[in-house]
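**Q** Listed here are the chains, written in short residue letters.
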Amino acid sequence: MSLSRNDVAKVGLLARLALSDSDLDTMTRELSSIVGFVSQLEKIDTADVSPLAHPLDTQNVFRADVPKPSLTTAEALQSAPRHDGECFLVPAVLGDTGAA
Amino acid sequence: MQPSDMSAVDLVTAVRQGDLTALRATEVFLERIERLDGQINAFLAVDREGALRTAAAIDAKRKAGKPLGPLAGLPVAVKDALCTSDLPTTCASKMLAGFRPPYDAEVVARLRAADAVIVGKTNMDEFAMGGSNENSAFGPVHNPWDLTRAPGGSSGGSAACVAADMAPVAIGSDTGGSIRQPAGLCGITGLKPTYGRVSRRGLVAFASSLDQIGPMARSAADCALLLETIAGHDPGDATSLDLPVPAYGTDLERPLEGVRIGRVPAHFGAGLDPEVAHAVEEAFAAFRAAGATIIDIDMPHADAGVATYYLVAPCEASSNLARYDGAHYGHRAEPGGHRAEPGGAPASGGGFESALVEMYCRSRAEGFGPEVKRRIMLGTYALSAGYYDAYYAKALKVRRLIRQDYLDAFEKVDLIGGPVSATAAFKLGEKSGDPLAMYLVDLYTVCTNLAGVGGISFPCGFTKGGLPIGFQLQAPALAEPLLLRATDRYQHLTDWHRRRPAIAARPR
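Chains as they are written, first to last, in the working numbering: chain A, 1 to 100; chain H, 101 to 608.
Since the hints were made in silico from the structure, they are not lab data.
Remember, it's a predicted structure, so these values are computed and weren't measured experimentally.
Some hints could be false.
Claimed, not checked - Listing some non-contacts, in silico: residues in chain A with all C-beta distances to chain H over 12 Å:
| hint | residue |
| --- | --- |
| 1 | P67 |
| 2 | G85 |
| 3 | E86 |
What the hints assert, rightly or not - Computed footprint of chain A on chain H; a stretch qualifies when at least three of its residues, placed anywhere within it, have a C-beta under 8 Å from a C-beta of chain A:
| hint | segment |
| --- | --- |
| 4 | 295-309 |
| 5 | 313-323 |
| 6 | 335-343 |
| 7 | 417-428 |
| 8 | 491-505 |
Note that the Cβ used here is the ideal one computed from N, Cα and C, for glycine as well.
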């Protein structure tokens, strides 16, 4: 199984990871080798097997709907790279305009 | 006896009886950290002031005749994957440099409530991804038995600090072997509890259907002491089990007559180092001498464990790590800084779809290290349209087969024994250039997490070169009392767990 450089670039955008040209080369090579390795699972017959997403047979877990204190605005913002005291500040959400 | 030579059980007894102050115990370990950690790099943060203040408060409490918690005066090192409101929490990543959690992890809160003394945060593979600690953004941990070798990972700092007596006990986390493998390579005892036994609220999430927090210590008895405090239901973690917590320390001495331990002949295949194989077979002989019966069993899908794990874990990681967006907390790329090609548009060479997306992509590219990026990419790929069924869904089906192997095995045996790693500690740098070779290090440990059961590892011998060799026991869900009892019985017959590396003994 091998991935193309284009596949990897597409995944990079989905994963929100900027990849340089040399990153793309390395990542294409490494991911191809890992995907080749995990593809060994193809050989196992799982025709009548249902997927197991979670080791516990947990049903819905409920708790009482009781109000309790949550983080203050200051606590929520304390590690934010940029904020104005009330909101997180981010660059423009639409269009390719300058960063905030 | 020096507090650093005492078991955790004896240390808390001495504090409770007034034979030792919490302050003295804490000072001794802080002094050892100061003396030794320059060579080992087990700690990312040491809270000297906070630890001494906590210890003094515990002593004052005792003096005033107030009741003390079950871990009163016990110094504890905590893996840097657990949130601490008064200490940095980096997960050994540049992404979280400067991050200060607004709350304590449930386990940290329980340690504080039990009057333990948190001495610092331990080094690890970035976001708990790795088996050698070389993926830390703050430099690797050096194995106290041989400073040129890896301590294992990802809880390598927790394992190394206990091995070098810089803390009597430590907290680790285990997603595919991250407690058991470094415990084995550092010659200490480490327990991965059943999935859901310990609350993970405030543990930085890696793979949520696999992650579990557990104790690391010099003996099973000390692990039992720590587990009793950290285990139990937490309404803040919907996957934590709402079941009573046994008194883990009370049943350790019951003999092993009637206990059946499974041995998997396929574990002794070509990749297993002969010295490790020999020590593991000797441990089976010791268990037989202790009254247990050894029965050969088959785990037909164990071979598929690593491939299954390296789909399930990266898929979950790619989702969990999507939260690092450079907006709410963590690293943020500066506008106009280093410019990388946008991932999705290499052909056009053009811009990102918006300044926000550019900030996301560049912040994450700068903040994450290579292994974390690899796993995010692998998981994103395996979950993407057209590949989901072939990779992620397929892995979940094989996961069910692996769990079924355990259910079948535990019809015949009470425990499964075997090696924890194929070799003793390897050299730093030996495997770091080959991601796949590093993944195979997890061969004997990942299935435990995929099945959601418990496992423990402890030393069962040494190589001719003086490196510890680990033995692993696995048990059905919630059979921690048996895991701890079997290990404790073994540790009464042998003294491997009492051996200390030269660096721990030699005052400099």
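**Q** Next, verify each hint and record whether it holds.
**A** Quick rundown of the hints versus the structure:
1. Chain H leaves P67/A outside its interface by the beta-carbon criterion, the shortest separation being 14 Å against a cut-off of 12 Å.
2. With a least CB separation of 15 Å from chain H, G85/A remains clear of the 12 Å interface cut-off, as annotated.
3. Against the 12 Å criterion, E86/A stays outside the reach of chain H, whose nearest CB is about 14 Å from its own CB.
4. Given as covered by chain A, the segment 295-309 of chain H passes the check, having 3 residues with a CB less than 8 Å from a CB of that chain where 3 are the minimum.
5. Residues of the segment 313-323 of chain H lying with their CB closer than 8 Å to a CB of chain A number 0, which falls below the three-residue condition for coverage.
6. Proximity of the segment 335-343 of chain H to chain A, defined as three or more residues with a beta carbon under 8 Å from a beta carbon of that chain, is established by the 4 residues found.
7. A count of 6 residues in the segment 417-428 of chain H with a Cβ less than 8 Å from any Cβ of chain A is obtained; the coverage claim is therefore met, three being the minimum.
8. Residues of the segment 491-505 of chain H with a Cβ under 8 Å from some Cβ of chain A number 11, which satisfies the need for three, so the listed coverage holds.
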